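Here's the letter readout for the chains.
8 protein chains.
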Amino acid sequence: MELTVYLAGEIHSSWRDEVKEKVRSLKLPISFVGPMENHDRSDSIGEEILGKQPNAVLRDETASSFNNLRTSVLMQKSDIVIALFGEKYKQWNTAMDASTALSLGKPLILIRPEQLHHPLKELSSKANVTVETVNQAIKALSYIFDTE
Amino acid sequence: MELTVYLAGEIHSSWRDEVKEKVRSLKLPISFVGPMENHDRSDSIGEEILGKQPNAVLRDETASSFNNLRTSVLMQKSDIVIALFGEKYKQWNTAMDASTALSLGKPLILIRPEQLHHPLKELSSKANVTVETVNQAIKALSYIFDTE
Amino acid sequence: MELTVYLAGEIHSSWRDEVKEKVRSLKLPISFVGPMENHDRSDSIGEEILGKQPNAVLRDETASSFNNLRTSVLMQKSDIVIALFGEKYKQWNTAMDASTALSLGKPLILIRPEQLHHPLKELSSKANVTVETVNQAIKALSYIFDTE
Amino acid sequence: MELTVYLAGEIHSSWRDEVKEKVRSLKLPISFVGPMENHDRSDSIGEEILGKQPNAVLRDETASSFNNLRTSVLMQKSDIVIALFGEKYKQWNTAMDASTALSLGKPLILIRPEQLHHPLKELSSKANVTVETVNQAIKALSYIFDTE
Amino acid sequence: MELTVYLAGEIHSSWRDEVKEKVRSLKLPISFVGPMENHDRSDSIGEEILGKQPNAVLRDETASSFNNLRTSVLMQKSDIVIALFGEKYKQWNTAMDASTALSLGKPLILIRPEQLHHPLKELSSKANVTVETVNQAIKALSYIFDTE
Amino acid sequence: MELTVYLAGEIHSSWRDEVKEKVRSLKLPISFVGPMENHDRSDSIGEEILGKQPNAVLRDETASSFNNLRTSVLMQKSDIVIALFGEKYKQWNTAMDASTALSLGKPLILIRPEQLHHPLKELSSKANVTVETVNQAIKALSYIFDTE
Amino acid sequence: MELTVYLAGEIHSSWRDEVKEKVRSLKLPISFVGPMENHDRSDSIGEEILGKQPNAVLRDETASSFNNLRTSVLMQKSDIVIALFGEKYKQWNTAMDASTALSLGKPLILIRPEQLHHPLKELSSKANVTVETVNQAIKALSYIFDTE
Amino acid sequence: MELTVYLAGEIHSSWRDEVKEKVRSLKLPISFVGPMENHDRSDSIGEEILGKQPNAVLRDETASSFNNLRTSVLMQKSDIVIALFGEKYKQWNTAMDASTALSLGKPLILIRPEQLHHPLKELSSKANVTVETVNQAIKALSYIFDTE
Chain A
1332 MELTVYLAGE
1342 IHSSWRDEVK
1352 EKVRSLKLPI
1362 SFVGPMENHD
1372 RSDSIGEEIL
1382 GKQPNAVLRD
1392 ETASSFNNLR
1402 TSVLMQKSDI
1412 VIALFGEKYK
1422 QWNTAMDAST
1432 ALSLGKPLIL
1442 IRPEQLHHPL
1452 KELSSKANVT
1462 VETVNQAIKA
1472 LSYIFDTE
Chain B
1332 MELTVYLAGE
1342 IHSSWRDEVK
1352 EKVRSLKLPI
1362 SFVGPMENHD
1372 RSDSIGEEIL
1382 GKQPNAVLRD
1392 ETASSFNNLR
1402 TSVLMQKSDI
1412 VIALFGEKYK
1422 QWNTAMDAST
1432 ALSLGKPLIL
1442 IRPEQLHHPL
1452 KELSSKANVT
1462 VETVNQAIKA
1472 LSYIFDTE
Chain C
1332 MELTVYLAGE
1342 IHSSWRDEVK
1352 EKVRSLKLPI
1362 SFVGPMENHD
1372 RSDSIGEEIL
1382 GKQPNAVLRD
1392 ETASSFNNLR
1402 TSVLMQKSDI
1412 VIALFGEKYK
1422 QWNTAMDAST
1432 ALSLGKPLIL
1442 IRPEQLHHPL
1452 KELSSKANVT
1462 VETVNQAIKA
1472 LSYIFDTE
Chain D
1332 MELTVYLAGE
1342 IHSSWRDEVK
1352 EKVRSLKLPI
1362 SFVGPMENHD
1372 RSDSIGEEIL
1382 GKQPNAVLRD
1392 ETASSFNNLR
1402 TSVLMQKSDI
1412 VIALFGEKYK
1422 QWNTAMDAST
1432 ALSLGKPLIL
1442 IRPEQLHHPL
1452 KELSSKANVT
1462 VETVNQAIKA
1472 LSYIFDTE
Chain E
1332 MELTVYLAGE
1342 IHSSWRDEVK
1352 EKVRSLKLPI
1362 SFVGPMENHD
1372 RSDSIGEEIL
1382 GKQPNAVLRD
1392 ETASSFNNLR
1402 TSVLMQKSDI
1412 VIALFGEKYK
1422 QWNTAMDAST
1432 ALSLGKPLIL
1442 IRPEQLHHPL
1452 KELSSKANVT
1462 VETVNQAIKA
1472 LSYIFDTE
Chain F
1332 MELTVYLAGE
1342 IHSSWRDEVK
1352 EKVRSLKLPI
1362 SFVGPMENHD
1372 RSDSIGEEIL
1382 GKQPNAVLRD
1392 ETASSFNNLR
1402 TSVLMQKSDI
1412 VIALFGEKYK
1422 QWNTAMDAST
1432 ALSLGKPLIL
1442 IRPEQLHHPL
1452 KELSSKANVT
1462 VETVNQAIKA
1472 LSYIFDTE
Chain G
1332 MELTVYLAGE
1342 IHSSWRDEVK
1352 EKVRSLKLPI
1362 SFVGPMENHD
1372 RSDSIGEEIL
1382 GKQPNAVLRD
1392 ETASSFNNLR
1402 TSVLMQKSDI
1412 VIALFGEKYK
1422 QWNTAMDAST
1432 ALSLGKPLIL
1442 IRPEQLHHPL
1452 KELSSKANVT
1462 VETVNQAIKA
1472 LSYIFDTE
Chain H
1332 MELTVYLAGE
1342 IHSSWRDEVK
1352 EKVRSLKLPI
1362 SFVGPMENHD
1372 RSDSIGEEIL
1382 GKQPNAVLRD
1392 ETASSFNNLR
1402 TSVLMQKSDI
1412 VIALFGEKYK
1422 QWNTAMDAST
1432 ALSLGKPLIL
1442 IRPEQLHHPL
1452 KELSSKANVT
1462 VETVNQAIKA
1472 LSYIFDTE
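The listed protein sequences correspond, in order, to chains A, B, C, D, E, F, G and H.
All the letters of the first sequence, read from the start, carry residue numbers 1332 to 1479 under the numbering used here.
All the letters of the second sequence, read from the start, carry residue numbers 1332 to 1479 under the numbering used here.
All the letters of the third sequence, read from the start, carry residue numbers 1332 to 1479 under the numbering used here.
All the letters of the fourth sequence, read from the start, carry residue numbers 1332 to 1479 under the numbering used here.
All the letters of the fifth sequence, read from the start, carry residue numbers 1332 to 1479 under the numbering used here.
All the letters of the sixth sequence, read from the start, carry residue numbers 1332 to 1479 under the numbering used here.
All the letters of the seventh sequence, read from the start, carry residue numbers 1332 to 1479 under the numbering used here.
All the letters of the eighth sequence, read from the start, carry residue numbers 1332 to 1479 under the numbering used here.
No lab work stands behind these hints: they were computed from the structure.
A quick note: this is a predicted structure, and the numbers were derived from the prediction, not measured.
Think of the CB as a built atom: it goes at the ideal place given N, C-alpha and C, for glycine as much as any other residue.
Have a look at the derived ranges for each label pair, beta carbon to beta carbon: (1) Phe1363/H <-> Lys1351/G: 27 to 37 Å; (2) Gly1436/G <-> Lys1421/A: 31 to 41 Å; (3) Thr1335/A <-> Asp1477/H: 26 to 36 Å; (4) His1343/C <-> Met1332/A: 52 to 62 Å; (5) Thr1478/G <-> Pro1360/D: 17 to 27 Å; (6) Asp1348/D <-> Pro1360/G: 17 to 27 Å; (7) Met1332/A <-> Lys1421/B: 34 to 44 Å; (8) Ser1362/C <-> Phe1363/H: 51 to 61 Å; (9) Pro1360/G <-> Asp1348/A: 38 to 48 Å; (10) Asp1477/G <-> Pro1360/D: 22 to 32 Å; (11) Pro1385/H <-> Ser1356/B: 48 to 58 Å; (12) His1343/E <-> Ala1387/F: 34 to 44 Å; (13) Thr1464/A <-> Pro1385/C: 45 to 55 Å.
Over 12 Å on every C-beta distance to chain G, these chain E residues come out as not near it, computed from the model: (14) Glu1333; (15) Ser1344; (16) Phe1363; (17) Val1465; (18) Tyr1474.
Using the sequences provided together with the hints, build the complete structure.
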């Protein structure tokens, strides 16, 4: 049995590399998908495809439609979603993706530093599990395959 | 035909009163539901019902389960969800509620100041309509009933 | 038992009035909803609410989001959808609404002049019933209430 | 990860060949399905299987049932739907297929020349992304696989 | 709490009258819907609305589309479906309606004489309850309202 | 706004009366439904309707089909499910009803004495809220209606 | 692309062999599943597994539960359902399976001799296509794979 | 065709080994998944990943969230669920898993000793088949693949 995991959340740190490396070292049969990690490109993809837009809001609007297309396709291919919240940024698209995962019946692992618990309390209460570190999320993935 | 509208979003300003008053003055057949607007109570409802919790995280956890219960019941009774984002706070539960509305097939009206467009671009792209003021949201509600 | 019927389709003729009048004269317990029938307003509703847009495409885009919001709310309140195709105009939103009705499990009555059968053949094949006149659609509605 | 894309829309030009060729040259792991592209055969398939029909409407009706069967099977196998609208023909089955894709939760890429924006505005507003050329649609597909 | 019950099945005997009378005498808050009970009309409704058809098969086809429209609307309004099978006739539409009820999550009460058990065994195994007489079905309805 | 609450769980104590009385004294707009509370009748309802069965297992089987019919109808009418577990009995039907509620998207309030936490931990983790007393469940219901 | 087709319907003739042979000779990438074709075994499977039952009705009941288990598993694995009705037998399980297929969104090909049109008219009206011979059903399957 | 079967139920006996061995000896193309069978680990997995918890209830709560995550992922990968009830323990999570399977449309085979029929009668009535021994469940699986 192979699993596909969607890695939602911030694209400013290298947490996805950490996840992939550890899963590889544990030889778990998991493959990963996720958002465009090149931040500049995820902001400019609308203009890259459709050309210069009249203003900043429309630049954002066109970019977000291609980002949502990508997320929609890849999340539907996934068996589990991991959403990581960091200390910076609004991260409303992460909250949206996490909530979409729950609504699609995709089990959700939420990673957040303890100090973010208060603003994330309602989402944490809906997540299947909430952990604080990438390492703990890996252990949760690993537990799915463990037989004893 | 009567509609029920769930008013998701910040509970620190009086925007819900503004919505209700304008809808009343327009005599639109709409009733409103929403989260507990007393912030302190929404934070302490877990301990109010279950008693003192061992620590702050668990205090939050128990509170959020009652808040989510409330939201779940009331949103299922709603025909439309309006989600308002303000300049302050993380508002991840608002993003979660907005996304849940979309997943349940409830039409979503997003209200946000233009300067928040960038962090809200993916959610805005999924919303049925995005507006900048309460007044515009009222006009959108009113348009549903207009016959010419 | 009361039924709500959504009347999708062209807004350039008075077919909805004909439907409503006949249903009233038959005293059938049916109420009707439908799109904004003032064509100019349905084209300008985006700018009416959000203000002047940079160009014609964006004017259309904003208008369509409010029109879709309206349709989404009202169609979910409906038990049956009647979609009428006329000889003029592209009417792609009518085809879209008719198809959405089918996907939502709302029974669909398609009204089209016989000469439009060829381009509408796939939609007609999916509709619950296809008729040629408003009068025939009324008979179909009436049959639902008849006891003998 | 391999994706299957359903190519809905007009069968009078060679746009599907253009899509397939470009995707092949980009070595994207995508396979394509779509409607019967031989127009005469898609019109006569009913009589080909069931024999001569009493009149033109019934000839159409039987043909459309086999065309819809085909579309239904193939679209369910697809991860994404691309719908292309051209300048000619009613293309109501394309609007129907595009809308069905959205209702099934299949992400939809809409291709239409800018001058068709007005009649397609409601469908465009529902599509995940709207582009003007086949090339732009390919870029959207490619973006799903890009990692930076 | 009021319930609506769809009475599927044969229209050649007066079993529906028996059901309604007994429910009325028990003062249960139940209203009933069901198919057209005038057999001739249910066979000719297609031609009644659309005019003379080319042959008997098409006469049947048009009639069945209006009958299915009726069933679809009324069954969606129902909380429970009762399907009665008698000794005569093919009754394939009854089996279809019973199965549709189950797929829609509508509880199904199957009434059949014991001697029909063998051919109905798979449907009986899926039904919520199987009884042999109208009287037993009434008792099942009554039990839903009983408090002791 | 009125809510309907299904009261699942043991029928050997008078906890339902306690719930109803308190809700009445709080004047909350809630009505209640639930299983047959006369234990003997819920065990014999199969034979009461269908007559003497060949053995004890079949006596149980027929009874359970009528009990499940009742639960299915009433739970679909409900907005919230409260499931109470007591110290005695297997209560597997309560676990089943609670799980069905969750699968239907009905918010679930679980009431169990603290000492039952271990065997109920997986169900508790899925429930919207878990409380220990009827009184706490009433507070949870009341909170849904509170405005401050 | 490979398809799986469930062959519902009578098990007294060799029509399934005919289907499989023709599909093999056309080299279509289709595999087939279906009910137990050994009639005696499908009637006795309940007693084969659970032992002698008290009477004929219970013998049927246990058999049908294993037959429905089989059908449920295999139909969920299928992309298309073909249901064949013959001149003999009640075939209510065939009508049930055909209707279940439609409710699951599985495209349905109905095969029936023209003389059975009247009793099958409602099911025929719901089926994606209705044909009269196995050969015509094969052509419908083949058309799905044809590219011109 | 390969099937995946989730083996829900008690983890104190070696019934899963018995199932797997027999299926292997019959060379059936079935693979198995299920809960963590090391009881101590399934109780301590929360603390293993998240560290020491404040009290026994919270130790259970964290453990159950990881156990439910595991079950949710693996059950969604399954085609059939087998749930075995034994004479000891509360087994409420087994009842919950069995009920979840039914709600997800996964066929359910219930194994229970005859003496447990009374408390399991409602769940048994909903299960696709109920048997008394592992051997009988294997026969049910085998029957799905048998061709005569």
